[in-house]
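Student: Next come the chains, spelled out residue by residue.
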Amino acid sequence: MKRWLVALLVLGLSAMAQEALKVGVVVSATGPAASLGIPEQNTFLMLQEMLDRTGGVAGRKVQFVILDDASDTTQAVRNTRRLVEEGVVAVIGTTTTPASLGMIPVVAEAKVPMISLAASKDIIYPVDAQRHWVFKTPQTEELMARAIVADMVARGVKTVAYIGFNDAYGEGWARFFEAEAKAKGLQVVVSERYARTDTSVTGQVLRIIARRPDAVLVGASGTPAVLPQRTLKERAYAGLIYQTHGVANPDFLRVGGKDVEGTLLPAGPILVAEQLPSAYPTKRVALDYIQRYEAKYGIGSYSTFGAHAWDAWLILKPALERALKRVDSAKDLAAFRATLRDEIEATRNLVATHGVFTFSKEDHLGLRFEDAAVMVRVENGRWKLERTFR
Amino acid sequence: MRYLWFLLLLLPLALSPFPYYLTLLNFFALSAMVVLSLYVLTGLAGMTSFAQAAFMGMGAYATALLTIKAGLSPWLGLGAGLLFALLLALLLGALTVRLKGHFLPLSTIAWQVALYILAGNLVGLTGGHTGLTDLPPIHFFGISLDTGFRYAFLTLFLLVLLVLALYNLRQSRIGRALLALRGDALAAASFGVDPAVLRLKAFLLSGVIAGLAGFLYAHFLRFVNPTPFSLEASIKYLVMAVAGGVGSIPGVMLGAAFFTGLEDWLKDLLPLLLGRQGNYETIGYGLILALILILAPKGLWPLVERYLPSRDLGVPKAEPLSLKSPDGPRGEVVLEVQGLQKSFGGLLAVAGVSFDLRRGEILALIGPNGAGKSTTFNLVAGALLPDRGQVRLFGKEITGLPPYRIHALGLGRTFQHPHLFLELTVLENAALGTYSRTRAGFLQALLGLSRREEERALATAYRALKRVGLESLALEKAERLSVGQQRLLEIARLLASGAEVLLLDEPAAGLRAQEKREFASLLRSLAREGYTVLIVDHDMDLIMGLADRVVVMNYGEKIAEGAPKEVQRNPLVRAAYLGEEEVA
Amino acid sequence: MDATILSFLLLDGLQNGVVYGLLALSLVLVFAVTRVILVPIGELLMFAPLSLVWLLEGKLPGTLWLALVLGGAWALMARGRGALLPLVGGVGLFLLFLLAKEVPPLAYLAAVLLVVYLGVATYRVFFQPMRGATVLSLLIMAVGLHVAYQGLGLVFFGPEQFRPAPLLSGEVVVGLSWQGVLVLLFAALSLMALYLFFRFSLFGKALLAAAENRLGARLLGIRPEEAGMVAFGIASLLAAFSGLLLAPLINAAYFMGFMLGLKGFVAAILGGLASYPVAFLGALLVGFFESFTSFYASAYKEALVFLLLVPALFYQSLRARTVEE
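Chains as they are written, first to last, in the numbering used here: chain E, 88 to 477; chain W, 2 to 585; chain F, 625 to 949.
Isolated chain E, as found in the complex (with noise of 0.2 angstroms):
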């Protein structure tokens, strides 16, 4: 019944679009992820949309199938396994960092190119034979605690405490951040850890103060990063707040009010793209993303999550051009997804929301730092540009 079910709807859709390009994307659409999902779940749904209208890549439609992980690890290895067997010619995904590892061995096997939309530089480093084709978007942890701490030191922050979610995104900032500060010479006086479904973090928050750090970094993502953020407002700590950039949503701003005013983030540049520099190699890029994606889902509704996932796309359209230039998709699918990888992985200069990509073959992330992370300010109950990196 389900076969028979799949064969129809595979039919159904092959006969509607005559050899479209399949392009497999896991994301976390729902569970604990879903707030970074859902824009790139969005993303890919207004692409797909534009790609129909405009007729494609190359005169190839193209089909995004789109799966949702619930940001669980077998979910996200199963839709893996299943989007190789339904042929795309790559998989984009997924948004959380265990999750995306877990789907590294099943591409490496089936010999798929795939696009990360997680944080950690786990996924893409060292680049070895599984790894050899598995790429990413999103900055890493480690790139961004570099701004962080170059942005306290700057500041003249000596002691520092760490409050991040007891997940893996919590653990990936932990430890970057601290390797780096320690690396720099800041002292991590305290490390605390708390759940997004916490309801108070008194007691985290207690115990920093008594430490009086000269500065507080909040390792967390969306709305549930304001919490630690309002209860050291309401203990009266004067320091400085940094928060990450997975609460770059307008729903952090919404949430937080006044409570999150001044807080310090780093983000991708597209945060505060109409603000850049006019000579910023990203702002163009940017602001046409925020554009389109206001024009679909409304005034104020982009993300920077969404942006990694359109990033992704801005690598794969020519590394797909490229590629069908060489190999036919339809005749050899192994030739080409092989072919795609290295036409991924030939990419140079590629100028996209977060940055300018350019992979080797040591690089897989292709991210430079003076060109993909900003220092942003709330102000005003808005992102300010604080300071670039150039």
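Computed footprint of chain F on chain W; a stretch qualifies when at least three of its residues, placed anywhere within it, have a C-beta under 8 angstroms from a C-beta of chain F:
#, segment
1, 118–131
2, 232–244
3, 283–293
Derived from the structure by calculation, the hints contain no laboratory data. Glycine included, every Cβ here is placed at the ideal spot set by N, Cα and C.
We have chain E; now place chains W and F onto it with these hints.
Tutor: Same frame as chain E, now just chains W and F:
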């Protein structure tokens, strides 16, 4: 017949053109193992666990650490994984299986949450929430099991072995004892089952099975992180088991297959139905589960099973077990009760009762309501602990021993309301009696090494059924018996157990006159064969016609003892009963 | 640790504890009367403030449609005169929502009534047809509903948190907001009201009797389904008020309810799922314990809170020692 399960191994061949279905097949096999571990725990032993995913995690992390950090072979990882799951089960089981009722499942939630947090925060050891990557594939005689196709043979092969082993377990004395324990721990204990030990063993077995699934999971994904071993995952497995039908092996397997497929099915169907991409899978999942539970509270399998032909097992033909037949000089004292005393919160229920029970006699313990007869009975049978006094069986002190120890010495009891296991056959009910006369342990039962002993046990039970005249009903479910037949079945179960001293608690309650007469003549003929009977009842007609001697109690004390005729004339007895008649 | 930190932690623990306490009482009540462990109580709790936010922005929340659909199913299942209550209730609820858009006092009322209606309808549609099922089957049903309601919550309200304005702003003393005082007051009031209800009202007494003994309750003239509806109604009412009062302090989101419910559940177990006062004290204990562990070992907080259960379970299990007959 049961070897048809090996046909599952053909599935990878059939599905080989569809690699994705091979993936699903592997996930089905993994889920099926976990739900089978729940079958052992919930279906057989009546315990509920919210920590199966934690046991999986033990298996998965053990092999991940050994293979990644120490570079050892996955097969060593398997050994370590099973060992760690076993150790965890031993630790948790020792601490928790004695918990009663819903305290046990709730405590498993606690363990599950705590272990998940540990796995996520011991970053140096477990890789934290991010996890451990690059597990090696399993090699089998030089073949690398690195594709879904090859892996499916391993998982399905192990799954089929597991299914067969669990069928063996279900058909063995252990399986019967577990089922009995689930229904009624006291009744099970009265046939020699040590509830705590048996439950602990079931818990261990269940933990090891889940650990095996965890090992296979780790080498299939070749990546481990804590989320697949979370409370949510444990709940998911429990849902599969219950919705499929946790009481049977095909039931839990059906649940695993249904819900493994359902998730993907919903991914295909919902966009078609709703015409748009959305996040409706979990909603559909929850609602379908609700629907199943409303329409089939016992799970899907009982609905399917109705349409399947039932299998006739046939009557056992093996040589019965050699039980010690009740012999010894008639009239020798077999049970000695001295100065028994028991109070419940200040109320003296039994105040120093003494009497002897002699071989071959039928002794009746009677008295008005609240006289302390049942309490005395339970003190003798070991269901209650006396405050003072002694009980000796064949000269051995048994005071304060648990029922399962007393039973082993040759004393059996029945219950006021027949404690039978209605979903088992009459034969199996009777065979429960042979528990303490048979030896096979968990391992032998699982491996099917106890078949011969099992056949003899069933033959023994069948012989006992013949003795009480129930042999024609041997293969029926016990729920189809009339009250009178249930009483007879209880006697048959005692006979199959090899007990020589039979303690009967109001055995004639609810019987019709004709049934009572037959029952009485059965007891008399048993007594002639050398069985000794202690009977508690109010039914004066029955007692006066049946008993050789009578002990009368009132207000917790023995007020008279002697032949029925003498006792009837005793003014104290008359006063006690007259008092009651006035009330009635 | 100095006295200030200690007092802050105690206040924090108290505020969390009373909320767990109210949830624990609801869970104990529902369990005692219906044998259902009401896992989705956390979702019901969150639906109240989220629906409120939607109303205040002038939108009709998806929960309204959910409630009306379940109410419709309830009416169909009840038929005859029994269908009057869900139909009238549903129409009334719908009208109230139309009136309550952007009208704060009405919106609060509407949010509470919505959750109560939803709670009772949940019982009638999903649990009542399962009467006589095992506790395990009922629990699995509750889990299924939790999953479905959480999924619906995401569809209705999106993945992010919302923060309705507090009813009272500002702090009484450092560490205790006026809103926090409201939560404490509400908890005290509900405790008193529940006590009076069970102690003095005929229906309350009958409800307790129903929990003890179904047959006895029938003799007292209370039908088990009525008792179930009232138990679910009271539980939803407590959950709705708790949600509305808490949301400004903790931020409401579709995913926030489950953990709250689970902690309430821990407390309920500490009370043996039977004793109301012990469950409430257990909840306070959980609150304090959580507060202190988040100070001393925040990464392991959840693990420690749940392990607190184990000795308590042992104690309870020993106490519950009876002849298993």
